Amino acid sequence: MLSKKTKYGLKALTYLAKQEPNTPVQISAISESENISRKFLESILLTLRKNGFLGSKKGKNGGYYLLKDPNQIKLAPIMRILEGPIAMVPCVSLNFYEKCDDCPDETTCAVHKLMIEVRDNTLSIFNNKSLSDLI
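Numbered by the UniProt record's numbering, the letters in the sequence shown go through residues 1 to 135 in order.
For the record, the hints were derived by calculation from the structure and aren't laboratory data.
Computed from a predicted structure; not experimentally measured.
Take the hints with a grain of salt, since some may be wrong.
When the alpha-carbon atoms are kept at most 27 Å apart in a straight line, the in silico BS3-like pairs for lysine-lysine are as follows [stated by the list, open to error]:
id: 1; residue 1: LYS99; residue 2: LYS113
id: 2; residue 1: LYS18; residue 2: LYS68
id: 3; residue 1: LYS129; residue 2: LYS7
id: 4; residue 1: LYS11; residue 2: LYS50
id: 5; residue 1: LYS5; residue 2: LYS74
id: 6; residue 1: LYS60; residue 2: LYS11
id: 7; residue 1: LYS50; residue 2: LYS129
id: 8; residue 1: LYS74; residue 2: LYS57
id: 9; residue 1: LYS57; residue 2: LYS4
id: 10; residue 1: LYS68; residue 2: LYS58
id: 11; residue 1: LYS57; residue 2: LYS18
id: 12; residue 1: LYS50; residue 2: LYS39
id: 13; residue 1: LYS50; residue 2: LYS68
id: 14; residue 1: LYS4; residue 2: LYS50
id: 15; residue 1: LYS11; residue 2: LYS39
id: 16; residue 1: LYS7; residue 2: LYS68
id: 17; residue 1: LYS11; residue 2: LYS58
id: 18; residue 1: LYS7; residue 2: LYS39
id: 19; residue 1: LYS57; residue 2: LYS11
id: 20; residue 1: LYS129; residue 2: LYS18
id: 21; residue 1: LYS50; residue 2: LYS60
id: 22; residue 1: LYS39; residue 2: LYS4
id: 23; residue 1: LYS5; residue 2: LYS129
id: 24; residue 1: LYS18; residue 2: LYS50
id: 25; residue 1: LYS129; residue 2: LYS68
id: 26; residue 1: LYS39; residue 2: LYS18
id: 27; residue 1: LYS11; residue 2: LYS74
id: 28; residue 1: LYS58; residue 2: LYS7
id: 29; residue 1: LYS60; residue 2: LYS18
id: 30; residue 1: LYS11; residue 2: LYS68
id: 31; residue 1: LYS129; residue 2: LYS11
Take the sequences, apply the hints, and build the full model.
Here is the structure:
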């Protein structure tokens, strides 16, 4: 299930994608429009800024803005930053691989094979969708 952090992050990014490019938007405007707790939103936006998705400007006319055009921002990296691994089990994760404790042989594990298919299809969607697709 998608965490609130990721859901709100996507909502905030989509809100920013609808705004004039490179124009800072105050956290309060996003918070009110998308019905997200301001304090929680601050934490999410800071994470997205630190990871190169957002820029920020301080001061009276400050706020957050997208650093790239919405059609250049794919969903997969956003999901990994906010949600963590895309794979449902660690033994099929491309970036966070861990062997399952209860599995003696991944090559014969039915769950492993199924989860690779789920991961690949999920990744295909996230890699081929951008913020502009959510607008």
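Tested hints:
no.: 1; hint: LYS99 x LYS113; in the structure: 14 Å, holds
no.: 2; hint: LYS18 x LYS68; in the structure: 13 Å, holds
no.: 3; hint: LYS129 x LYS7; in the structure: 15 Å, holds
no.: 4; hint: LYS11 x LYS50; in the structure: 18 Å, holds
no.: 5; hint: LYS5 x LYS74; in the structure: 18 Å, holds
no.: 6; hint: LYS60 x LYS11; in the structure: 24 Å, holds
no.: 7; hint: LYS50 x LYS129; in the structure: 22 Å, holds
no.: 8; hint: LYS74 x LYS57; in the structure: 24 Å, holds
no.: 9; hint: LYS57 x LYS4; in the structure: 26 Å, holds
no.: 10; hint: LYS68 x LYS58; in the structure: 19 Å, holds
no.: 11; hint: LYS57 x LYS18; in the structure: 18 Å, holds
no.: 12; hint: LYS50 x LYS39; in the structure: 17 Å, holds
no.: 13; hint: LYS50 x LYS68; in the structure: 14 Å, holds
no.: 14; hint: LYS4 x LYS50; in the structure: 19 Å, holds
no.: 15; hint: LYS11 x LYS39; in the structure: 15 Å, holds
no.: 16; hint: LYS7 x LYS68; in the structure: 20 Å, holds
no.: 17; hint: LYS11 x LYS58; in the structure: 22 Å, holds
no.: 18; hint: LYS7 x LYS39; in the structure: 15 Å, holds
no.: 19; hint: LYS57 x LYS11; in the structure: 20 Å, holds
no.: 20; hint: LYS129 x LYS18; in the structure: 16 Å, holds
no.: 21; hint: LYS50 x LYS60; in the structure: 22 Å, holds
no.: 22; hint: LYS39 x LYS4; in the structure: 13 Å, holds
no.: 23; hint: LYS5 x LYS129; in the structure: 19 Å, holds
no.: 24; hint: LYS18 x LYS50; in the structure: 21 Å, holds
no.: 25; hint: LYS129 x LYS68; in the structure: 15 Å, holds
no.: 26; hint: LYS39 x LYS18; in the structure: 22 Å, holds
no.: 27; hint: LYS11 x LYS74; in the structure: 14 Å, holds
no.: 28; hint: LYS58 x LYS7; in the structure: 26 Å, holds
no.: 29; hint: LYS60 x LYS18; in the structure: 21 Å, holds
no.: 30; hint: LYS11 x LYS68; in the structure: 17 Å, holds
no.: 31; hint: LYS129 x LYS11; in the structure: 15 Å, holds
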